[in-house]
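Two chains, each in its own frame: build the complex with the hints.
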Amino acid sequence: MTTTARRTPEPGTWLGIPAFPEAAKAELANDQQRGNLRHATTTIRAKRVTRASEVDDWEDLRTAAAQIKDRVARHLDDYLIQAEKAMTEAGITVHWARDAADANAIVADIAKAKGVDEVVKIKSMVTQEIDLNEHLEAEGIAAWETDLAELIVQLGHDLPSHILVPAIHRNRTEVREIFAREMGLYGRPAPENITDEPAELAEAARLHLREKFLRAKMAVSGGNFIVADTGTLVIVESEGNGRMCLTLPETLVSVVGIEKVLPSLQDLEVFLKLLPRSSTGERMNPYTSFWTGVTPGDGPQDLHVILLDNGRTNVLADPEGRAALRCIRCSACLNICPVYERVGGHAYGSPYPGPIGAILGPQLRGLEGENERALPFASTLCGACNDVCPVKIPFTDILVHLRHKAVEHKTAHHPTGEQALMKGAAWVMADGSHLATVQTGSRLAGRIFKNRWLGKMPIPLAGRWLRARDVEAPPTQTFRQWWKKNQGDHR
Amino acid sequence: MSAREDVLQLIRRATADVTERNPDVDVPVEWTYGRALPTADVIADFVEKVEDYKAAVRRCPEVGAAETIIEALSALDARSVVVPDGLPDAWVQALSGAGFELHRDEPVLSHAQLNSIDAVLTTAAVGMADSGTIALDHGDGQGRRALTLLPDRHIVVVREDQVVSDVPEGMARLAPALRARRPVTWLSGGSATSDIELSRVEGVHGPRHLSVVLVAGAQ
Ligand code: SF4
Chain A
1 MTTTARRTPE PGTWLGIPAF PEAAKAELAN DQQRGNLRHA TTTIRAKRVT RASEVDDWED
61 LRTAAAQIKD RVARHLDDYL IQAEKAMTEA GITVHWARDA ADANAIVADI AKAKGVDEVV
121 KIKSMVTQEI DLNEHLEAEG IAAWETDLAE LIVQLGHDLP SHILVPAIHR NRTEVREIFA
181 REMGLYGRPA PENITDEPAE LAEAARLHLR EKFLRAKMAV SGGNFIVADT GTLVIVESEG
241 NGRMCLTLPE TLVSVVGIEK VLPSLQDLEV FLKLLPRSST GERMNPYTSF WTGVTPGDGP
301 QDLHVILLDN GRTNVLADPE GRAALRCIRC SACLNICPVY ERVGGHAYGS PYPGPIGAIL
361 GPQLRGLEGE NERALPFAST LCGACNDVCP VKIPFTDILV HLRHKAVEHK TAHHPTGEQA
421 LMKGAAWVMA DGSHLATVQT GSRLAGRIFK NRWLGKMPIP LAGRWLRARD VEAPPTQTFR
481 QWWKKNQGDH R
Chain B
1 MSAREDVLQL IRRATADVTE RNPDVDVPVE WTYGRALPTA DVIADFVEKV EDYKAAVRRC
61 PEVGAAETII EALSALDARS VVVPDGLPDA WVQALSGAGF ELHRDEPVLS HAQLNSIDAV
121 LTTAAVGMAD SGTIALDHGD GQGRRALTLL PDRHIVVVRE DQVVSDVPEG MARLAPALRA
181 RRPVTWLSGG SATSDIELSR VEGVHGPRHL SVVLVAGAQ
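Going down the list, the sequences are from chains A and B. Take the first sequence: its position 256, counting from 1, is numbered 256 in UniProt numbering, and each next residue is one higher. Take the second sequence: its position 165, counting from 1, is numbered 165 in UniProt numbering, and each next residue is one higher.
So that you can see chain B by itself, here it is in the shape it has in the complex (with noise of 0.2 Å):
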């Protein structure tokens, strides 16, 4: 018998006691699914929580956010820029017209040139607030997985709008793209390992540095 058929054969003997079969009846979940938290300013608690991971938050209006960007990419000592698709043109051309050094995914970059260039810019797909997470759904002006994982620095523009009070409501809003079968990325702050008697270190594999530019207002 194959391999499947005796696990699954084990598996139905082991719960043999099990005699209703719907799932939902005979275990019941008390949870409600997707509900908000009560926080009183969802923005302002992003805000907290991402920068207690030690990245940098900058708010701009929308106006304003090529600048932020560039100023963000010079803190951090960035002359080299990966650009993916679907970032909005005025930025990419404040980038250009300010000297920085851009590089598209296109032809596809090799992991060796992403290695060597020093940071990527990105928009994001979803923020949650009470855990300070930033998730990316690798869709317009988001790029490959690669490419927010071999730049040592990490620009990530995220719309107010796109801020939501918590993990079950970011779910929520990507389960539409996991349907799609797009990949997703969470990120919560930048790498860190705490292995060598707990001291953190920030920065052992992904990008050392996240730095994240918050923009005012809808799209």
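Looking at chain A on its own, in the form it has when it is part of the complex (with noise of 0.2 Å):
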């Protein structure tokens, strides 16, 4: 054998994922993961309710975030640049990365300055999204998540299918086999006779941790905040192991966002009052961690920051669609999306699912891919999402501008049989006559297909809508020879 053994589970992978309607159907005829789904979503959506109307001036909250966020975006250079000041003047190392791979280097980098070969990290989306660990990996060096569901995810060699609950999708008895299958291979084992109570798997995953927090030099995080101008990172959290990465190891590199600035101090009563309400329903997440810059005998000694774009500046240049930069990473949308519920995360193509993930994958990554194409079609525009969102995105709007993008972009590339159709629509649309004779052929279609639902059709447009959708099969009548026989006569 050539190959070198790998030193972390190898995960899934988000190449080769069909766009979301194909991946959709797949993902719709798993029952299991629709039943967890189901409970985790309908469970944290009441917990939401329940404590944001706790809250007398929650709408005004939303209002003053959505403004602020809009007041650092409109102004990001400057905020930037004064973030950049207070943070180095701090202490802190203060690195700027144009994507993934200039991201990934430096991580990389200051690893192997430091002589480690393993970090420990704390959840984050913005190392899934530049995918940090496999290129860690692929350098020798071994990243651990240290969240339970991350490690549920990262143990079960899965990807993860929620923003804030990542192993949603899994089940205690899952969780359990994945446990007691990997942990050993990796450090220390999960007790013999583990049983899947959710207390025994988390101590599990609290001893297997410990060890390597407690020997661990050097971690990696991303960040919920940074304070313009003290240079204060932020990161809020519950289990704990966030403390430990910020705290125990020498070295701490931060990835953070250009989009996660706040103009002063003050402005975090806004979020920290809407941020843990929003995500899981609590009124205050158990941990926040603020730091500015290195403290003497005190955490880590050697900090670093790295500011991500990696597309953020593809979202701010449009204006329409600027708005998902506001995004805090709630979840909220997830929880209360009728479509997410059903698919779960997988089916979305990247770690931002439902309707954020929706709105900001074609953005940050552009119209060229079929399956960022595809995702601002992945919603029924019910709104559901416009409602619960903490900073207010105007989800409905961004989806149908996107649409609108995604076609033009088609059509651009490849004309097709699409306006030949819409004229055709409107042929019909035109006059009432027209209008008849093409329901008499769908009426005979109805008397063929009877009561059976219609699946795959052979119609090219239709064909490509009915692969995530289930539709009954044609009336037998019109709806003007219903009126003509049922209404007629009361006139």
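Accuracy of the hints is not assured; some may be wrong.
As the list claims (entries may be wrong) - Covered by chain B, per the in silico footprint, the following chain A stretches (three or more residues, Cβ under 8 Å): (1) 153 to 163; (2) 171 to 178; (3) 238 to 245; (4) 274 to 283.
As the list claims (entries may be wrong) - Sample of chain B residues at the chain A side, in silico, Cβ under 8 Å: (5) L10; (6) E30; (7) L109; (8) A112; (9) S116; (10) S131; (11) T133; (12) R144; (13) L149; (14) M171; (15) L178; (16) R181; (17) W186; (18) S188.
No lab work stands behind these hints, which were simulated from the structure alone. For each residue, glycine too, the CB sits at the ideal point set by N, CA and C.
Given below as structure tokens:
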């Protein structure tokens, strides 16, 4: 064998995941997942409503949050320069990264300079986005996830399917199997005879990870907020694994998206009220850590922050789509979305699933790929996400805007029968007699299919549409006929 | 060109539609910062919210603080305790008199040592009632961050005059410490996870037990 053994579990891959309509079809067939998801999303949804309704000025908070985020986005260069200066003065080494390759190389270089071959990690969306773990693995550096859900995903050779609870699609029996099988391969094994009780599973994770925390020399994190005027970084979490990573190792590298800046310390009051209540439905998350550079004798003595673009400036460049950068990754829009609840996170083909993934993905990565062009259509436009989002992202407006762009992109690249079809539709709708003619045809189809559900259809456009939808057979009479028969007498 | 220049240039190009240079004028924020909530009884609210996280709260007059701390430690079966610098001498003496095994962080305790000690006793900086949050600014009596992280039980003493109605007032009180570049840690109950089928499990990586001693009166 010429291949060297991997140091961390080989993960699943986003590559090869088909575009949303096809992926959704497969995921829909997974009853177990649908059950797990329904349970999880309905529970968190109810908690969010309770906690939001406890706050009298909830709507004012949302407005303020949206305004602060817009202010930052529209003056991002100023705030970033201010944040860079404050962080540098506080003893943080600030790096800039255009894309994933830049950021990954910076992290790997720091690790090599420190001579470490493993790092502990706090759950962070941004390191998922840049596929940091795999990059480090390729450089011979083991990256260990320390959040319980991320650990389940990592040991399960899996992909995350939710922003906040990445292993939401797994139930306790699956988690037990994963722990029993994998933990021993990478450190302290799960206890013999471990049951599927969540408390026992959490205890096994605690012991497995404590070993890694105590010997860790370097940690990697994301960041929820950076305060521009003081250079303070903020991380909110529940388990304390974040505090372990932020406190125990000598070196800490935080990879942060450029949109995470807030103007000043006082702005935190708005977001620290909105975030926990919107995400986990708690009044406050168990732990929040604030640090401003190096504190002698306390915590990491070598701090790095990587300010990452990776497509965020694409989002910024579209004034209509820009509001997507307000996102604070609370996941409320996932939990409320009827589409997400049924298909789960994997179908969206990236670490950002649900409504936010549907608008962020195509903007971050552009519309060149089929997957990205499909995402703006992964929605019923019901608008539930508009109502829950703590930073008031106008989802439906952005979705419609992106659909328009996706169609434009397609017709510009390869004109299809679509336009011809629309012309046909215009003819049908132009005159009542035209419509009646067409309806005769559909009535016939109805008689043939009777009450059967239609699946794939040989018609090019409808076939595509039906891949992710079940459709009843056309009715055997037209509305006009029905009206004549049922209402005619009353006239 | 450096990545920094590239990114900044992309940002400037992307925001070419923004012509007003003053951010405050460009996007006004309609929010009054630092406001208190009109809570009738802030202390009662604080106790209720902290208990809601399943943390034990014990109230006592100032003269009874040491005894109440001992009670809290005993209730959690703690025998060995880390005592950071800056705790009132009376408490430390009472603990040693009661036979607890005391550890000072001098010389600096290793992570492994901290990991093997049962409990840590600290003071706090601010309590925020509406969310049941306790803030440490790691000043006198609070120790460095690792002290309140590795031992399994945390006894934290909060004075009633440190309790404010809500997060905005709390942020305002913490701003001086943050501006002085002190680390700040917020605790809202003990460590918890809901990652397995959303059933809440207390205590994953941080201290599994948080016990609050709320001392009456001002200092
Ligand atoms: S888009 Fe809004 S609701 Fe969705 S994760 Fe982001 S902040 Fe939360």
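Hints, verified against the model:
Counting residues of the stretch 153 to 163 of chain A whose beta-carbon sits less than 8 Å from any beta-carbon of chain B gives 0, not enough to reach three: the coverage restraint is violated. As drawn, the stretch 171 to 178 of chain A meets chain B at 3 residues by the rule of a beta-carbon pair under 8 Å; at three or more, the given contact holds. A stretch counts as covered by a chain when three or more of its residues have a beta carbon under 8 Å from one of that chain; for the stretch 238 to 245 of chain A and chain B the count is 6, and the coverage holds. A count of 4 residues in the stretch 274 to 283 of chain A with a Cβ less than 8 Å from any Cβ of chain B is obtained; the coverage claim is therefore met, three being the minimum.
For B:L10, the interface hint holds, the least distance from its beta-carbon to any beta-carbon of chain A being 4 Å, beneath 8 Å. For the restraint placing B:E30 at the interface with chain A, the shortest Cβ-Cβ distance is roughly 6 Å, inside the 8 Å limit, so the hint holds. With 8 Å as the threshold, the beta carbon of B:L109 stays out of range of chain A, its nearest partner Cβ sitting at about 12 Å, so the hint is violated. Restraint check, B:A112 versus chain A: the minimum CB separation of about 6 Å is within 8 Å; hint holds.
The beta carbon of B:S116 is not positioned within 8 Å of any beta carbon in chain A (closest approach about 11 Å), and the interface hint is therefore violated. The restraint placing B:S131 at the interface with chain A holds, with a minimum CB-CB distance near 4 Å, inside the 8 Å limit. With 8 Å as the threshold, the beta carbon of B:T133 comes within range of chain A, its nearest partner Cβ sitting at about 5 Å, so the hint holds. At about 4 Å, the closest approach between the beta carbon of B:R144 and any beta carbon in chain A falls short of 8 Å, and the interface hint on this residue holds.
Evaluation of the B:L149 hint against chain A yields a held restraint, the C-beta minimum of about 5 Å falling below 8 Å. With a least beta-carbon distance of about 4 Å to chain A, the hint placing B:M171 at the interface is held under the 8 Å criterion. Checking B:L178 against chain A by beta carbon gives a least distance of about 6 Å; that is within 8 Å, so the hint holds. A hinted interface residue such as B:R181 counts as satisfied when its beta carbon comes closer than 8 Å to some beta carbon of chain A; here the least separation is about 4 Å, so the hint holds.
A cut of 8 Å between beta carbons decides the hint on B:W186: the least distance to chain A is about 4 Å, and the hint holds. Satisfaction of the interface hint for B:S188 is found here, the shortest Cβ-Cβ separation to chain A being roughly 4 Å, below the 8 Å cut-off.
The structure fails to meet hints 1, 7 and 9 from the earlier list, while all remaining hints are met.
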